[in-house]
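S.K.: So the chains spell out like this:
Protein chains: 6
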Amino acid sequence: MIFITRRERFNAAHRLFKPEYSDEQNLEIFGKCSNPNWHGHNYTLFVTVKGYVNPETGFLVNLKDLSALIEIHILEKLDHRNINLEVDFMAGKLVSTENLAIGIWNELKEPISEMGAILHCIKIYETENNFAEYFGD
Amino acid sequence: MIFITRRERFNAAHRLFKPEYSDEQNLEIFGKCSNPNWHGHNYTLFVTVKGYVNPETGFLVNLKDLSALIEIHILEKLDHRNINLEVDFMAGKLVSTENLAIGIWNELKEPISEMGAILHCIKIYETENNFAEYFGD
Amino acid sequence: MIFITRRERFNAAHRLFKPEYSDEQNLEIFGKCSNPNWHGHNYTLFVTVKGYVNPETGFLVNLKDLSALIEIHILEKLDHRNINLEVDFMAGKLVSTENLAIGIWNELKEPISEMGAILHCIKIYETENNFAEYFGD
Amino acid sequence: MIFITRRERFNAAHRLFKPEYSDEQNLEIFGKCSNPNWHGHNYTLFVTVKGYVNPETGFLVNLKDLSALIEIHILEKLDHRNINLEVDFMAGKLVSTENLAIGIWNELKEPISEMGAILHCIKIYETENNFAEYFGD
Amino acid sequence: MIFITRRERFNAAHRLFKPEYSDEQNLEIFGKCSNPNWHGHNYTLFVTVKGYVNPETGFLVNLKDLSALIEIHILEKLDHRNINLEVDFMAGKLVSTENLAIGIWNELKEPISEMGAILHCIKIYETENNFAEYFGD
Amino acid sequence: MIFITRRERFNAAHRLFKPEYSDEQNLEIFGKCSNPNWHGHNYTLFVTVKGYVNPETGFLVNLKDLSALIEIHILEKLDHRNINLEVDFMAGKLVSTENLAIGIWNELKEPISEMGAILHCIKIYETENNFAEYFGD
Numbered sequence: 001m002i003f004i005t006r007r008e009r010f011n012a013a014h015r016l017f018k019p020e021y022s023d024e025q026n027l028e029i030f031g032k033c034s035n036p037n038w039h040g041h042n043y044t045l046f047v048t049v050k051g052y053v054n055p056e057t058g059f060l061v062n063l064k065d066l067s068a069l070i071e072i073h074i075l076e077k078l079d080h081r082n083i084n085l086e087v088d089f090m091a092g093k094l095v096s097t098e099n100l101a102i103g104i105w106n107e108l109k110e111p112i113s114e115m116g117a118i119l120h121c122i123k124i125y126e127t128e129n130n131f132a133e134y135f136g137d
Numbered sequence: 001m002i003f004i005t006r007r008e009r010f011n012a013a014h015r016l017f018k019p020e021y022s023d024e025q026n027l028e029i030f031g032k033c034s035n036p037n038w039h040g041h042n043y044t045l046f047v048t049v050k051g052y053v054n055p056e057t058g059f060l061v062n063l064k065d066l067s068a069l070i071e072i073h074i075l076e077k078l079d080h081r082n083i084n085l086e087v088d089f090m091a092g093k094l095v096s097t098e099n100l101a102i103g104i105w106n107e108l109k110e111p112i113s114e115m116g117a118i119l120h121c122i123k124i125y126e127t128e129n130n131f132a133e134y135f136g137d
Numbered sequence: 001m002i003f004i005t006r007r008e009r010f011n012a013a014h015r016l017f018k019p020e021y022s023d024e025q026n027l028e029i030f031g032k033c034s035n036p037n038w039h040g041h042n043y044t045l046f047v048t049v050k051g052y053v054n055p056e057t058g059f060l061v062n063l064k065d066l067s068a069l070i071e072i073h074i075l076e077k078l079d080h081r082n083i084n085l086e087v088d089f090m091a092g093k094l095v096s097t098e099n100l101a102i103g104i105w106n107e108l109k110e111p112i113s114e115m116g117a118i119l120h121c122i123k124i125y126e127t128e129n130n131f132a133e134y135f136g137d
Numbered sequence: 001m002i003f004i005t006r007r008e009r010f011n012a013a014h015r016l017f018k019p020e021y022s023d024e025q026n027l028e029i030f031g032k033c034s035n036p037n038w039h040g041h042n043y044t045l046f047v048t049v050k051g052y053v054n055p056e057t058g059f060l061v062n063l064k065d066l067s068a069l070i071e072i073h074i075l076e077k078l079d080h081r082n083i084n085l086e087v088d089f090m091a092g093k094l095v096s097t098e099n100l101a102i103g104i105w106n107e108l109k110e111p112i113s114e115m116g117a118i119l120h121c122i123k124i125y126e127t128e129n130n131f132a133e134y135f136g137d
Numbered sequence: 001m002i003f004i005t006r007r008e009r010f011n012a013a014h015r016l017f018k019p020e021y022s023d024e025q026n027l028e029i030f031g032k033c034s035n036p037n038w039h040g041h042n043y044t045l046f047v048t049v050k051g052y053v054n055p056e057t058g059f060l061v062n063l064k065d066l067s068a069l070i071e072i073h074i075l076e077k078l079d080h081r082n083i084n085l086e087v088d089f090m091a092g093k094l095v096s097t098e099n100l101a102i103g104i105w106n107e108l109k110e111p112i113s114e115m116g117a118i119l120h121c122i123k124i125y126e127t128e129n130n131f132a133e134y135f136g137d
Numbered sequence: 001m002i003f004i005t006r007r008e009r010f011n012a013a014h015r016l017f018k019p020e021y022s023d024e025q026n027l028e029i030f031g032k033c034s035n036p037n038w039h040g041h042n043y044t045l046f047v048t049v050k051g052y053v054n055p056e057t058g059f060l061v062n063l064k065d066l067s068a069l070i071e072i073h074i075l076e077k078l079d080h081r082n083i084n085l086e087v088d089f090m091a092g093k094l095v096s097t098e099n100l101a102i103g104i105w106n107e108l109k110e111p112i113s114e115m116g117a118i119l120h121c122i123k124i125y126e127t128e129n130n131f132a133e134y135f136g137d
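Chains as they are written, first to last, in this note's numbering: chain A, 1 to 137; chain B, 1 to 137; chain C, 1 to 137; chain D, 1 to 137; chain E, 1 to 137; chain F, 1 to 137.
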C-alpha cells in the first residue's frame with residue numbers, strides 16, 4: 001500500500017461566530033476571529049490518498065486527475081469565497097479549521113473512491129503555525 | 001550602512017472593486033478578486049530599515065522595538081480586519097498589494113525615523129507566488 | 001476524532017556529552033556537538049493533540065489556549081536558555097533531539113489532558129534536515 | 001519508541017513511459033512527463049527510522065551515520081543521474097514517485113536494520129505539490 | 001515606482017558540457033553536472049517588474065496577465081523539457097543558471113515592455129542553495 | 001553583470017552583553033539575549049557575488065568553489081562554536097546579527113576577489129523573522 005499527497009491552495013474569507021450570540025458574546029468566545037466584517041486566510045490543503053500501484057502506469061492515481069477532482073469539488077467552491085456565506089457544505093457550521101477539514105473529507109471521500117483510491121487524510125493549514133488533520137471516524 | 005529586516009504576518013479580508021462600477025463590471029476587471037462577499041489572505045510583511053550600527057548595542061535598532069512599532073502602527077489596524085471597511089489608511093483606495101505596500105510605507109516612515117533608522121523597503125506577500133516591494137518615491 | 005497541531009519555536013544552547021568522559025572521549029562519540037563551549041539551535045516544535053470537536057465552539061481546543069499552555073510549560077523554560085544547565089526536566093539527561101522530544105511529552109501530557117484533549121505527538125526539528133517524533137510509549 | 005527523520009536531496013532526470021508503446025501513446029498516458037528527451041527534478045527524500053533510545057548516547061541512531069548510509073546506498077546512485085538509464089534498482093520499472101519510494105525502501109531496509117533501527121517510512125517529494133509515502137507492505 | 005514579483009516553477013533536464021570536449025574533459029571541468037545521460041531540477045523563477053500604479057486598477061500590471069505572459073514565453077518552452085536539446089533561446093549555450101537567467105531576461109524584456117511595465121530582475125533558483133539574478137546590462 | 005548567491009548554514013551559541021556591565025544591566029539592555037549561560041541559533045547565510053560570466057564555463061564562479069571557500073573561511077570558524085568565545089574575527093565585539101554580517105563580509109571580501117568575483121552582499125538570518133544585510137561601506 002502506497003500513500004500519495006497532493007497540495008492545493010485557496011484564499012477565502014471567514015468568521016468564527018454563533019448567530020444566536022451577540023457580537024460581544026462572540027468576541028468573548030472567539031476573540032478577533034469573530035470580527036463581524038470578516039477576515040481571511042491563504043489556506044493550504046493536503047489531500048492524501050492510499051491504495052496500490054497500478055502496474056500499467058506506475059501510479060496509484062494520476063496526480064493530474066486528483067488535482068482536477070479537488071479543483072471541481074473543493075477549490076471552485078472555496079477559492080476567493082466567503083466560507084460562511086457561500087460554501088454549501090459549510091452552511092450552518094462553525095467555520096473552524098477542524099470543521100473545514102471534516103467538511104472537505106465528506107466532499108472528497110466518494111469521488112476519490114470512484115477514482116480507485118481511498119481517501120486517507122485531509123490536512124489543512126490556516127496559518128503557518130496552525131493545522132488540522134482528519135482521517136475519518 | 002547596514003540593513004535589518006523584520007518579518008511580520010497578518011490575516012485579513014479584502015475585495016478588489018471600484019464602487020462606481022456594477023458587480024458585473026468589477027468581475028470583468030478584477031476577476032474573482034472582486035467577490036462582493038470578500039475573500040482573504042495570510043499577508044506576510046517584511047519591513048527593512050537601514051542606518052549605522054550603534055556601537056553601544058551592536059544594533060542598528062532593537063528588533064523588539066521595531067516589531068512593537070509595526071504592531072502598533074500596522075498589525076493592530078490590519079490583523080483580522082476587513083481592509084476595505086476598517087483600515088483608516090486604506091480608506092477609499094483600491095486594496096491591491098501595490099497600494100497596501102505604499103500605504104504601509106506611509107504609516108511607518110515617520111515612526112521609524114523617530115527610532116533613529118531610515119525605512120528602506122516595504123515588501124508584502126499576498127500569496128506564495130505574488131509580492132510587491134516599495135522603496136519610496 | 002480530529003488532530004490539531006500548533007507550531008512553536010525556541011532558541012537555545014546545548015552540548016552533547018557525558019560528564020564521566022573527558023572532552024576527548026566526548027569528541028570521539030559526539031563529534032563537534034560535544035563542544036565544551038556549547039553551540040545552539042533554532043528549535044521548531046510541533047505539538048499535536050487529538051479528540052472530538054466541541055459543537056459549541058467548533059474547536060477541539062482553542063489554539064490560543066494550547067499556545068499559552070506550551071508557553072508556560074515549555075517555552076518559558078527552554079527559550080533563550082542553556083538546555084544542559086537551566087532546564088529542570090532535562091537535568092542529568094543527554095540533550096539529544098530524541099530526549100528533548102520525550103522530555104517535552106512528559107511535561108505536556110498532563111496539562112493537555114486537563115484541557116480536555118489527548119497529546120498525540122511531539123515533533124521537534126533541530127535543523128531543517130533532522131527531526132524527532134514521539135507518540136508516547 | 002522514538003522516530004527520527006533525516007532529510008536528503010538529489011537532482012535527477014527521468015521520463016515516464018512504457019518501452020512497448022510509441023511516443024504518441026506514451027504522451028497520451030503520461031502527458032508531458034513522457035518527453036523522450038527527459039526532464040528532471042530536485043527530489044527531496046525523508047527517511048524515518050524507529051526504535052529505542054540508546055541510553056549511552058541519547059540517540060536512536062547517530063544521524064551522521066544514517067546520513068552516510070543514505071549517501072552510499074541512495075544518493076551515490078541517484079544524484080545527478082538519469083533514473084531510467086543509470087539506477088540499478090529502478091531498471092525496467094516505471095519511474096513514478098510511487099515506484100521510487102518503494103525502490104528506495106527496498107535498498108535501505110536491510111542496511112538500516114543492521115544499524116540497529118527499523119525503517120519506518122520513505123517519503124519523497126517530486127515537486128512542492130506532490131509527494132509519496134511508503135511504509136512497507 | 002513600485003516593484004511586483006511573480007513566482008513560477010518549471011521542471012527540466014540539462015547537462016553542463018562543451019561539445020568540443022570529451023566526456024572526461026567535461027567531467028573534470030563541470031563535475032557530475034556533466035553527466036552525458038543528463039540530470040534535472042525543479043527550477044523556481046522570480047520575475048520582477050517595475051513601474052507606476054495604474055490609478056484605475058490599483059495595479060502596476062495584472063499578475064494574471066504577467067503569469068500568462070511568462071507561461072507563453074518561458075514555461076511552454078522550458079517546462080518538462082531538455083534545456084540543451086529543446087529550448088530555442090538556449091541553443092548552443094552552456095546551460096548554467098547564469099546563462100538561463102540572461103536567456104529568460106532576453107525573452108521577457110520586450111513582451112513585458114509591451115504590457116506597460118519594465119523588467120527589473122530575473123531570479124532563478126536551481127536548488128534551495130543556489131540562485132542567480134540578472135538585472136540587465 | 002550577473003549576481004550569484006550561495007546559501008550555507010551554521011549552528012552556534014552566543015550571548016549579547018557588554019563585559020563592563022553587570023548581568024542585571026545587560027538584562028535590562030539586551031533582554032533574554034544576555035543570558036550568561038548562552039543561547040543559540042541555526043544561522044542561515046546567503047553570500048552574493050557579482051561579476052561577468054566566463055564564456056568558457058558559463059559560470060561567474062563555480063559554486064562548488066564558492067561553497068568550499070565559505071566553508072574554510074567562515075563555517076569552520078562558526079559552525080558548532082560559541083561565537084563570543086571562539087571566533088577570532090568576532091573577538092571583543094557585540095555578537096549582534098549586524099556585527100556578524102559585517103564580520104563575515106570582512107573575512108570573505110579578499111578571498112572572493114582572488115576568485116575573480118566581487119562580494120556584493122552578506123545576508124544572515126538569525127531566526128525566520130530577523131535578518132541583516134551588509135553591502136560594504
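Take the hints with a grain of salt, since some may be wrong.
If several chains are the same, the list does not tell them apart, and a pair holds so long as it fits within one copy or across any two.
Result set (DSSO-like, lysine-lysine): computed pairs, CA atoms no more than 27 Å apart in a straight line [as the list claims (entries may be wrong)]:
1. Lys50 with Lys64
2. Lys50 with Lys123
3. Lys123 with Lys77
4. Lys77 with Lys18
5. Lys64 with Lys32
6. Lys32 with Lys123
7. Lys93 with Lys123
Simulated from the structure, these hints should not be mistaken for laboratory data.
S.K.: When no copy is specified for Lys50 and Lys123, does a C-alpha distance of 27 Å or less occur within a copy, between copies, both, or neither?
M.R.: both (14 Å within a copy, 14 Å between copies)
S.K.: For Lys50 vs Lys64, is the C-alpha pair at or below 27 Å within one copy, between two copies, both, or neither?
M.R.: within (16 Å within a copy, 32 Å between copies)
S.K.: Can you tell me if Lys93 and Lys123 fall within 27 Å by alpha carbon in one copy, between copies, both or neither?
M.R.: Within. Shortest intra-copy distance 19 Å satisfies the 27 Å Cα cut-off; inter-copy 31 Å does not.
S.K.: Checking an output row: Lys77 and Lys18, CA cutoff 27 Å. Within, between, both or neither?
M.R.: both (22 Å within a copy, 24 Å between copies)
S.K.: For Lys64 vs Lys32, is the C-alpha pair at or below 27 Å within one copy, between two copies, both, or neither?
M.R.: between (38 Å within a copy, 11 Å between copies)
S.K.: Are the CA atoms of Lys32 and Lys123 at most 27 Å apart within a copy, between copies, both, or neither?
M.R.: For Lys32 and Lys123, the Cα distance is within 27 Å both inside one copy (24 Å) and across copies (25 Å).
S.K.: Quick one: Lys123 to Lys77, C-alpha cut-off 27 Å, is that within a copy, between copies, both, or neither?
M.R.: Classified as within; 18 Å inside a copy, 30 Å across copies.
The structure agrees with every numbered hint stated previously.
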